[in-house]
Amino acid sequence: MWLEEVRGRERGELRARRFEAAARARRAASLALSNRKEFATPHHGAVNSLQVDLTEGRYLLSGASDGSAAVFDVWNATEYDETGFIAKHRNILLVDKQHENGHKFAVSAAIWYPVDTGLFITASYDHFVKVWDTNSTQVVMDFKMPGKVYAAAMSPVATTHMLIATGSADVQDHMDSFGPSPSRRSSSAQKRTGNARNSQAMRKGQNLTHGQMQKRLHPGLSSSQNRATAHYGAVTGLRTTADGMYLLSSGSDSRLRLWDIDSGCNTLVNYEAMRLQTGKPLQLDVTDDPSLVFVPCMASIKAYNLWSGMTFQTFRGHYELVNCCYYNTQYQELYTGSNDRQILVWSPSTPPFTEMEDEDKQHGLSAVDEDNWSD
Amino acid sequence: MSVWNYVVTAHKPTSVSHSCVGNFTSPNQLNLIIAKCTRIEIHLLTPQGLQPMLDVPIYGRIATIELFRPHWDADKSELLTRAMGDVSDRIGRPTDNGQIGIIDPDCRLIGLHLYDGLFKVIPFDNKGQLKEAFNIRLEELQVLDIKFLHGCVKPTIVVLYQDNKDARHVKTYEVALKEKDFVEGPWSQNNLDNGAGLLIPVPAPLGGVIIIGEETIVYCNANATFKAIPIKQSIIRAYGRVDPDGSRYLLGDNTGTLHLLVLTHERERVTGLKVEYLGETSIASSISYLDNGVVYVGSRFGDSQLVKLNLQADASGSFVEVLERYVNLGPIVDFCVVDLDRQGQGQVVTCSGACKDGSIRASVELQGIKGLWSLKSSFNDPYDMYLVVSFISETRFLAMNMEDELEETEIEGFDAQTQTLFCQNAINDLLIQVTANSVRLVSCTSRELVDQWNAPAGFSVNVASANASQVLLATGGGHLVYLEIRDAKLVEVKHAQLEHEISCLDLNPVGDNPQYSSLAAVGMWTDISVRIFSLPDLELVRKETLGGEIVPRLAIAKEGELSIGTIDDIQKLHIRTIPLNEQARRICHQAQSRTLAFCSFKYNQTTYVLPEENEPTKGRILVFAVEDGRLQLIVEKETKGAVYSLNAFNGKLLAAINQKIQLYKWMLREDGSHELQSECGHHGHILALYTQTRGDFIVVGDLMKSISLLVYKHEESAIEERARDYNANWMTAVEMLDDEIYIGAENNYNLFTVRKNSDAPATDDERARLEVVGEYHLGEFVNRFRHGSLVMRLPDSEMGQIPTVIFGTINGVIGIIASLPHDQYVFLEKLQSTLVKFIKGVGNLSHEAMAVIP
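First to last, the protein sequences are chains A and B.
Everything in the first sequence is counted per UniProt numbering, starting at 1 for the first residue and increasing by one.
Everything in the second sequence is counted per UniProt numbering, starting at 1 for the first residue and increasing by one.
Do not take every clue at face value.
Said to hold, decoys possible - In silico EDC-like pairs for lysine to aspartate or glutamate, Cα to Cα no more than 20 Å straight-line: (1) K88(A) x D243(B); (2) K120(B) x E272(A); (3) K618(B) x E5(A); (4) K640(B) x D116(A); (5) K120(B) x D181(B); (6) K37(A) x D487(B); (7) K165(B) x E4(A); (8) K756(B) x E720(B); (9) K640(B) x E4(A); (10) K180(B) x D262(A); (11) K232(B) x E214(B); (12) K37(A) x E720(B); (13) K88(A) x D181(B); (14) K180(B) x E5(A); (15) K713(B) x D671(B); (16) K274(B) x D243(B); (17) K178(B) x D262(A); (18) K120(B) x D260(A).
Stated by the list, open to error - Far from chain A, some chain B residues (derived; all Cβ distances over 10 Å): (19) D96; (20) G117; (21) D291; (22) A313; (23) P331; (24) F379; (25) I392; (26) R576; (27) Q583; (28) L689; (29) T732.
Unchecked claim - If we take Cβ atoms under 10 Å as the criterion, some of the chain B residues that face chain A in the derived model are: (30) G185; (31) S188; (32) N191; (33) N194; (34) G353.
These are computed hints drawn from the structure, not numbers from a lab.
Just so you know, even glycine gets a beta-carbon here, dropped at the ideal spot from N, CA and C.
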């Protein structure tokens, strides 16, 4: 089937862009629990946050409830299993409670410095936001917040500031900047009552048409009585689309809503019924076309068609509540983190490895038969 | 090894993507403007046909081209850029279906659809200047076409779009310039043909729009007129308006069939639609009606054509008569370089064209032409038969064949291994060839050597001239030798030595006898004089000093220009076409048997349906032997997936099958039959599309995971990954320039080179990484790289040591990448930056901006 498209592209009948878009969409539509790749997580608590760096797309950063943060290399496995087919990726970095400057309580968010992988930021229930030097694994800066920090984000396209936006359990919201002259600025958002002010982890290439988040007016003009309401309950998750034109929000009212950023209006896409956990922030993600939105729904992850709201697929694999998901657009893989302390990989379907092994087995070249004794 | 690579185009793009007709160069001149992706050609329509006026490159890829209110600087005969600007945005997702650019018929604004969900407007002010652009949100996310309606008070667009359920509809919007927004338009039409893909706006007073689908054609307008007719299933991609009032249109579909669409109307009301079959042309990408039934059909898949529409059908029922064909090499799906004469000059044989316009084309580069003569096959023949083309160290002969095409041939009596200085028909049906060492007389009929005069040792002929019976030669040292042809023999009659070097000669008979001249003209260096000598005694009759800086040159050959039949003046390649009427896909050459093998398949013209499974689960490898000029199938091997690429590898066969690279041994069984036995494989690719091998190394170009380097380990009988490029490049072709440097072409029209870090000190990580060492935005989609050279290599020249790789693209471009030594690269780079300062690209587009990868 790829064959027809490859031929069409060769002839010039199928545009290169369309070919690429079709290939990405087809792979995204065939996601399943990977039988080739797994992450060996060192966390002893629920995985709360996942992000792959924006510069190379190579390193996965995870934050967990045991106060730890870990980095994994997404491209290269640290080892292979006995059959040689399943790639195991162990963490190449870990900072936890043992670390002299580590967080004392759960890490709610771990994000990369958007410019390079030399720094990453962790936000925790211990009221601290820490900036880490990746290579030396040392804290280079930290900020004390008045309350538990639930979320943190940095703009991937900013050129004039280095601000970290954080959402914490406090009346005020904070923007912290680091650099030559750290300064504090606050906006008056109240995370708990459902006014969406912060945009978490915007993707590269976006440009919000209305500039700073705090100037933006309340989305949710659907209700004329309460112009400030996006959800009946807390807003538990936010995600913008890669083109910078839409914002998705999930709420403790178990609703998912799609907002037009330019007008601030609810697009009124009706997403099929779902059950969303209410106690914690959720990390949603969306494909880059954008066509599918991935939402952690209790112990599974559901993928909905962004425009029609129909359920596309349900991903079952975690044993407990799922908190976060991250879609790697480069290779169309979905990473999900759950209370079961696991990070699962969902990748485009490949034929089961037994089939491919067959031919080699026939000629006695199967790795399983070889002795593994070391010298 | 050199990482300095120089990219050059040997053959410009030939695929035509757009064309338009209008009075561009002057109000009285009708022009045809052709867009060939990275070039614009402007032609003038004259009673004798199309006359080329201008051919300019653009530093970019042309997405749309529309004619409106031109400005032509008649004095300078140049294209003047009136306005240019960057219309890209930071938000928004670039459209998959291509960029749409349209102009309001009343020239009030330009509309662009570049990003999903956004329509960009650039208004004109009343002086014709462009004002600031702004975006309007477009609800429709999957737009197929947008056009401006004619005859509307406010600028109005009609949008053809697809909704979430894949149904197609048409909607109109008025552009409110002051409010910078849309206002709902006068009408809309829902649930059209599922294959509706093209909108044709009809001029006033009829107005409205024609919607072209795959099974129906519909007309609708604001007055609620709705007319529809069914058509035979086809995908129509190109149209050309015939009449200014819009009553007739030419439609070209994806099989090359040309139809005429007629809008029957009474005064200002459309009463119906009619479609009539006209004939067959190349698969059209653009159609431009010129005048008097003459139509230009631009094609991306086959030769573009100039056709005439006749009032009467011919014997086969066709109204179409092809007046001229314009050779198009694109799309070059595959090619191989064949060095037929083992002279270091390659002939590029391409699988060109697509679908029914598929063909095999062979091209020879004719650069460095030193001399050109035409010869007749007998003295009294009114027409010439041969073309003698002389290069620096060889001479080639072309002869007219039965199809009125020039074909390479041999004239046995002539010396083909050296440069020819002069060539001429002589009396008694003889041919004269003068080379540096000799003068030969060859019989016209037998083409064999009849007599030969050799230059004395130590002297070589520099200049020569001849007529039907006399030959005059000049060698170094001012020696002049005069020969006559008597009874089919060359007789040396007189020899003189002049005091200066001789620059040129002429023996043209000016008296009564057309075959014998009594005078010869000789031009001299140093005293810059022209002397007249009498023949046969070589007595000086008269001497004229020219003075000043004039150097007498009586005959000048222009480099590289060759106009023969179907080749246009600007090309330097002689192209021979073998039409197949099928799609040629892959080609290769076997030197031992001197055979060219290619595979083609018939393109099935049914609707393009997407089957449900992800990848083909089965494929085949077929092994043929060449025996007595025929192909014999020896082995057929089934594979677990589609075979994308095959390479010979150390006596074995390497196949790229879906995600896996598989190595097969060629085994001889006891019963004497052969089989392919799988030895080992490697997976870890998303889709292994392109492979190249060198020694024990294999380079794989993946669907989206760039280039990886694999190595075959003999002892373990295994293939292992050595290194890879970690960038996400969607590959379209790869090649190994040498042991360490590999080149790739990717989806965004860029070329890049990577290097193997064999001696990287530090970590395994660095050794396992292919380092990107060069990047270049070519602007062309490359399908294939091959080692080889187009020009002749002189063994002792510097150029002979420079390795080159040839590439072929979808637009018919043949280009060369030469790996240069550093100092030559630096020189050429300086030359490039100086040239860029002087040669302004059309549209004020920057050369640097294009040379950097986006």
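**Asked** Which numbered hints does this structure break?
**Response** Those not satisfied are hints 1, 2, 4, 6, 7, 13, 14, 15, 19, 20, 23, 27, 28, 29, 30, 31, 32, 33.
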